[in-house]
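Chemist: According to mature numbering (1 follows the signal peptide of the UniProt record, and there is no 0), the residues represented by the sequence shown are -19 to -1, 1 to 170, in order.
Keep in mind that the hints are not guaranteed to be accurate.
[Claimed, not checked] Computed Cβ-Cβ distance ranges for the label pairs, DEER-style:
{"#": "1", "residue 1": "Ala70", "residue 2": "Ile(-18)", "range": "42 to 52 Å"}
{"#": "2", "residue 1": "Trp67", "residue 2": "Ser111", "range": "42 to 52 Å"}
{"#": "3", "residue 1": "Gly168", "residue 2": "Arg13", "range": "32 to 42 Å"}
{"#": "4", "residue 1": "Arg13", "residue 2": "Leu167", "range": "32 to 42 Å"}
{"#": "5", "residue 1": "Phe123", "residue 2": "Arg13", "range": "14 to 24 Å"}
{"#": "6", "residue 1": "Leu110", "residue 2": "Ala68", "range": "41 to 51 Å"}
{"#": "7", "residue 1": "Arg71", "residue 2": "Pro116", "range": "45 to 55 Å"}
{"#": "8", "residue 1": "Gly39", "residue 2": "Val138", "range": "39 to 49 Å"}
{"#": "9", "residue 1": "Lys11", "residue 2": "Leu110", "range": "40 to 50 Å"}
Hints are computed from structural coordinates only; laboratory data are not their basis.
Here a beta-carbon is modelled for each residue, glycine too, at the ideal position from N, C-alpha and C.
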Amino acid sequence: MIFASTALLALAMSTDAFAAAVGKGTALQKPRWSEALRTGTIFGVMEAITPLVGWALGLAAADYVRTWDHWIAFTLLLVLGGRMIWAAARKPEKAEVEKPSRHGFWLLAVPGFATSIDAIAVGVGLAFLSVNILPVAAAIGFTTFAMVAVGVMVGRVLGSVVGRWTEGLGGVLLIGIGAAILYEHLGAA
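Using the sequences and the hints, build the whole thing.
Modeler: Have a look at this one:
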């Protein structure tokens, strides 16, 4: 696989993680770069591992992965996004003070996993093409790391502008990502 193809694939695989990271950044009280880098690491590692999993599944599980990946991603993002919207609607006006300074591991791992499920199918597809998966997975992971770290900081700016509804906005973004994944897969069928 040539460098340009790898770079474009890595960029495409990390765009949904970027949008989720913006939502995560809006839900925090002025996130610092250390939290942005931590979030980027969690998302990036997951995004790098999932094409390897897809590669390992290979031809035997290709049909199963393609059949269910979009439903799994949609459900996870719908539940997490709905939870964020519900929490934003229940918060009082002074919710800015109540925002956490960092997310727990699982609040990052779930959307990190959900936005990386499509990379399993990419890994399976690359197995068909006999592509060396290691540099591709590393490129996807590093690009996701960088885009998510920036996304969290973009969310910081949006959080200051939008106020208490930022967590709800993040929830809407996650549900939108899930719906886009579902639409893309069902529209292709």
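Chemist: Against the earlier hints, flag every one the structure doesn't satisfy and list their numbers going up.
Modeler: none
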